[in-house]
Amino acid sequence: MKPAFAALLPALALAALGSPLAAQQAVKPATPAAAASTAAPADEGLTGSVTDESEWQDLGIAIPTFPTNEMLPTAADGGNTEALGRNLARVIYGDLKNNGLFKPVGPDALPAIAYGEVAAPAFPNWRARSAEMLVQGFVKSAPDGRLTVGCYLYDVALGSELARQGYVVKPEEWRRAAHKCADMVYSRLSGESPFFDSKIAYIAETGPKDHRRKQLAIMDSDGANHRFITNGQATALTPRYSPDYSKIAYLSYLNGTPRIYVYDIGTGRQTLVTEGKGPTFAPRWSPDGKSILYSMAIAGNTDIYRVPAAGGTSVKLTDSPGIDVGGSYSPDGQKIVFESDRSGSQQVYVMNADGTNQKRISFFGGRSATPEWSPRGDQIAFTHIAGNLRIAVMTPSGGEMRYLTDSWQDEAPTWSPNGRIVQFFRTAKSTGRTAIWQVDLTGRNERRLNTPVDGSDPAWGPVLP
Amino acid sequence: MDRKILTTLLLASGLALAGCATKPKELPPQPTGATTTTTTNPPVTQPMGPMPGSQADFIASVLGDTILFDTDRYNVDSEDQGILQSQAQWLARYPDKRVTIEGHCDERGTRDYNLALGERRANAAKNYLVSLGIDASRITTVSYGKERPIALGSDEVSWAKNRRSVTITVQ
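Quick mapping for you: the protein sequence lines, in order, are chains L and R.
Residues in the first sequence are numbered from 377 upward in steps of one, following the working numbering.
Residues in the second sequence are numbered from 68 upward in steps of one, following the working numbering.
Please note: incorrect hints may appear among the correct ones.
[To be verified] Far from chain R by the CB rule (all over 10 Å, computed), these chain L residues: (1) F657; (2) G774; (3) E822.
[As the list claims (entries may be wrong)] Ranges of calculated distance between the beta carbons of each label pair, as one might list FRET restraints: (4) T732(L) <-> L219(R): 25 to 33 Å; (5) S225(R) <-> S696(L): 42 to 50 Å; (6) G720(L) <-> D144(R): 12 to 20 Å; (7) T807(L) <-> D137(R): 23 to 31 Å; (8) A227(R) <-> S622(L): 55 to 63 Å; (9) K546(L) <-> A123(R): 40 to 48 Å; (10) R165(R) <-> Q710(L): 44 to 52 Å; (11) S783(L) <-> R140(R): 23 to 31 Å.
Read the hints as simulated data drawn from the structure, not as lab findings.
All C-beta atoms in this analysis are idealised placements derived from N, C-alpha and C, irrespective of residue type, glycine included.
Isolated chain R (complex conformation) (with noise of 0.2 Å):
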C-alpha cells in the first residue's frame, strides 16, 4: 500500500518535473539568448533556439535521454519513470517524429550476453514509453552491448554511467 503511494507521488513529481523542463521551449520562435548561447556578438541572422522536433530540441526538452540500470537489471525505476514520461509528452508533441533507443552494458559481462541485455534494456525502456500512449511502431531499439561506453574507467561509478539506455530521435 504505502509503496503504491510512494509511486504515485514519485510519478507525480516527475511528471511535475518534466512539466517544468518543458518551460523554456513553450516560446521557441523566440531568438532569445537561451542558457545554451554564449555571450559572443551574434552575427547570425538565424534564430537561437533549437529547431522545433530537432535532435537538440528534443535534448533541451526532456529531463534525460538516458536511464541507468542496476548490474544485470533492466527494470525501469521511477526516476526512471520520470525521465521516460518527458521523452513521451515531447513525442506527444511531435506525432511524425520517431526515436531509437539504444541498450548499452557495463563492461563486466561477457559480449554475447552484454548484446542480449542491451536488447533487453532498450526494450524495457520501449515498453514504459508504449504504456504511456506512444506507438511502438515509432521506436525502434538497438543494443551495443559493452561496445560503446561513456565512460572509461574501470570502477563502479563508470560501470554504472554505462550501464544505461539512451532515446534518440530519428531525424
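With the rest of the complex left out, here is chain L (with noise of 0.2 Å):
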C-alpha cells in the first residue's frame, strides 16, 4: 500500500511511507517490564479548568524502539541506525511524558519489535501490557547520509492505525523526526496543534546575586541542542525569536547602556534595532516578523515604538507621561496587548496596532505585567503582583482572570506555540537564583525545565515548518 500524506515539512522532506519490508517472526518473548504503570502521582489540585485533558491524559502509550531495515553507520547520535533507532523512541517517550501529558512508556522498558512489525502490530501482546496506544516507526539510512524515518500510531483496543507520517531529515536534524513523531501522536490524540518541534530563546544566568553573567542561549523545546549566543561580558536581557528563528531580538548592555540589537542566527551579525537616542528595551515581533516593537525611554520617560524589522523608520505608539513598555500582537497583529503605568501602577492595556484606541482591560488590583497574547488568540498571560509575582491568564476583554502559579516570583510568561502551555521564570527568595518552568494553560503539569544553568527570560517560538 502508499499511503499519501498531507502536506508538511518542507524542510523536512516528506517520505512516503510503504509498508516496510519485512519476513521477520513475532514479538520477542516479551520480558515482563510493566507496561502501563510508571506510578504517577495523583492531581495535585488545579486552580480552575479550560477543557478537561484527562480523559486523554492518562493514556497508556508504549513506544518501542525503532528498528532498522539495515543496520548502517549514521552522523546522528548512536553511530548506527540501530542504536538511533532507540534514540528516536527515547525522545519522543521524553517529549510526551515530560509534559506531563500522557503515560508513556518508552523504549528501555519495553521488548523490542521486529523491522516488519512496524506496519503490521502485534496487537494481542500490547493488550496483554495494557497499552492503550502504540507509537512505532522506523528508520532508515540513505547512501547520501539523509535519514527516512516513519511514524505510526495505533490504537490497540481497536487493533487499528490512527495517523501514521514519514520525514526525510539531515543526520543532525534527527531529533526533530522525533519531535515531529512526538507532535502527531499528540495532535491526533488531544486534537490540539502540535509544539513540540519548536526552540526556546532564554537567557542563562550564572554567578552570585550582585554579579549575575547573563548570556543569551537557545535550545530545543526539550532543552537539546543548547547553545550559548553570548559569551557573558556584557548583560543580555529579554531575548524574541523572529518568527521564522532566523534572527534573535534581544537586550544587551554592550556599549554600556541597555539597547536592543537584532541578531542574525546565520551570519552572527547583529544591529541596532533603532539608533534613536534613548536606551531601548523589551523588544517583540509581529506574527509576520515584518515588524519589531521596543520601548524607549527619553528624558526618563518610557514610550513603545515600532520599526520595520529590516531597517527604516520608527513609529510612536504611545504617548502617556507614565511608562508604557512591552507590547505584545494578537495572532492577527491587529491588536497590541501592553504594559503602561498611566494610572498610577503597571496595568494592562489593549491598543490597536496603529496605537489607536487605547483602553485598560485589567481590573484585578495589585499590579499586572509583561502581558502576553496566546498564539490561539483566545487568552492573554501575565504577571501579577500583589506581594508576590505570579503568572496569570485572562481573555482579551480583561474578563475570566485565572493564577496559573502560586510562587514566591514567577514572572515572564511566554506562550507555547499551540496556545496550551506557558513558560515562565521563577526566582528564589534570598539566593536570587533563577529558573525556567512551565504549566498546562489548566494550572496542571507545573515542571521546572532542565537548563545547563540558571534560566530566565524564557521567549518560545512556533512550530518550525
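Hints are included, so try docking the two chains, each in its own frame, into the full complex.
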C-alpha cells in the first residue's frame, strides 16, 4: 500500500511510507517489564479548568525502539541506525512524558520489535501489556546519509491505525523527526495543535546575586541542542525569536547602556534596532516577522515604538507621561496588548496595532504586567503582582482572570506555539537564583525545565515548518 | 505654606551640611593623614589625599553618591535634595567633569518595567542637578533595572537600599 500524506515539512522532506518490508517473526519473548504503570502521582490540585484533559491525559502509550531495515553507520546520535532507532523512541517518550500529557512507556522498558512489525503490530501482545496506544516507527539511512523516519500511531484496543507520517532529515536534524512524531501523536490524541518541534531562546544565568552573568542562549523545546549565543561579558536580557527563527531580538549592555540588538543567527552579525538616542528595551516581533516593537526612554519617559524589522523609520505608538512598555501582538496582528503605569500603577492595556484606541483591561487589584497574547488568540498571560509575583491568564477583554502559579516570584510568561502551555521564570527568595518553569493552561503539570545553568526570560518560538 | 517653610529649612540645612562636608577637602594639597588613611607608616612619597576631581575626591566631598526611592516612586525628597546639592557643588568646582547617574530598582518588579523605572529615577536625579545649574550635557543616565542590587537580602531593608540612583564621575 502507498499511503498519501498531507503536506508537511518542506524542511524535512516528506517520505512516502510503504510497509517496511519484512520477513520477521513475532515479538521477542516479552520481558515482563511493567507496561502501563509508571506510578504517576495523583493530580495536585488544579486551579480551574479550561478543557478537561483527563480523558486523554492518562492514556497508556507504548513506544518501543524504532527498528531499522539495515544497521548502517550514521552521523546521528548512536552512531548507527539501530542505536538511533532507540534514541528516536526515547526522544518521543521524553516529549510525551515530560510534559505530563500522557503516561508513556519508553523503549528502555519494552521489548524490541521486528522491522516487519512496524506496519503490522502484534496487537495481542500490546493488549496483554495494557497499552492503549502504540507508537511504532522505523529508521533507514540512505547512501547520502539522509535518514528516513516513519512514525505510526495505533489504537491497541481497536487494533487499528490512527495516523502515520514520514520524515526525511539530515543526520544532525534527527531529533526533529522524533519531535514531529511526538507532535503527530499529541495532535491526533488531544485534538490540539502541535508544539514539540520548536525552540526556546532564554537568558542563561550564573554567578552571585550582585554579579549575575547573563548570556543569551537557545535550545530545542526539550532542552536539547543547547547553545550559548553571547559570552556573558555584556549583560543580555529579554530575547525574542523572530517567527522564522532566523534572528533574535534582545537587550544587551554591549556599549554600556541597554539597547536592543537584532542578532542574525546565520551570519552571527547584529544590528541596533534603532539609532534613536534613548535606551531601548522590551523587544517584540509582529506575528509576520515584519515589524519589531520596542520601548524607548526619552528623558525618563518610556513609550512604545514600532520599526520595520528590515530597518527604517520608527513610529511612536504610545504617548503618555507614564511608563508604556512591552507589547504583544494578537495572532492576527490587529491589536497589541501592553503595559502602562499611566493610571498610577502597572496595568494591562490593549490598543489597535496603529496605536489608536488604548484601553485598560486589567482591573484585578494589585499590578498587572508583562502581558503576552496567546498564539490561539483567546487568552492573555501576564504577571500579577500583589505581594508575590504570579503567572495568570485572562481573556483579551480582561475577564476570567485565573492564576496558573503560586510561588514567591514567577514572571515573564511566554506561550507554547499551540497556546496550551505557559513558560515563565521563577526566582528564589534571597539567593536570587532563577529557573525556567512551565505550566499547562489548566494550572496542572507544573515542572521545571532542565537547563545547564540557571535560566530566565524564556521566549518560546513557533512550530518549525 | 508650612510645607514651603519646611522645605526651605531642609534645603538650608542640606546646604549647610553640604558645606560641612566640603570642608576637609578644601585643603587637598596637604598630605596629612586623612581619616581614610590607615596608621601604617607611609613609605609612599605621594600625597595621601584623593586627587582633586577624581572619583575618590568626589566621594570624599559629597554627602553621598546615592539617593534612595520609595517603592515604585521616583520623586526626589528633601534628604535626596541635600545630597544632590552637594554633588552639584562638586560639579560646579570641576566644570570639566562629567557624571553618569545609574538608576536601580529592587527585585520585586518585572524586568522591563524596572528598566524603565530605573531610567526614570536616574532622570529625576539628573533633572534636579540641572535645576541647580549643572549643564545637562554633563550628565548621562543609565538604568540597570533590577540587575545590580547592592543589598542581597529578600526583605524590605534590602529592597529599600536597592531602590536608588548612584552618581559616578566619568574619569
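Hints, one by one, checked against the model:
1. F657: Given that some Cβ of chain R is not farther than 10 Å from that of F657(L), nearest at about 5 Å, it is violated.
2. G774: Fine: 18 Å to the nearest Cβ keeps G774(L) off the interface.
3. E822: holds, 20 Å
4. T732(L) <-> L219(R): 25 to 33 Å: Violated: the Cβ-Cβ distance is about 45 Å, outside 25 to 33 Å.
5. S225(R) <-> S696(L): 42 to 50 Å: violated, 31 Å
6. G720(L) <-> D144(R): 12 to 20 Å: About 19 Å separates the Cβ atoms of G720(L) and D144(R), which means 12 to 20 Å holds.
7. T807(L) <-> D137(R): 23 to 31 Å: holds, 26 Å
8. A227(R) <-> S622(L): 55 to 63 Å: violated, 45 Å
9. K546(L) <-> A123(R): 40 to 48 Å: Given about 60 Å between the Cβ atoms, the range is violated.
10. R165(R) <-> Q710(L): 44 to 52 Å: holds, 46 Å
11. S783(L) <-> R140(R): 23 to 31 Å: holds, 26 Å
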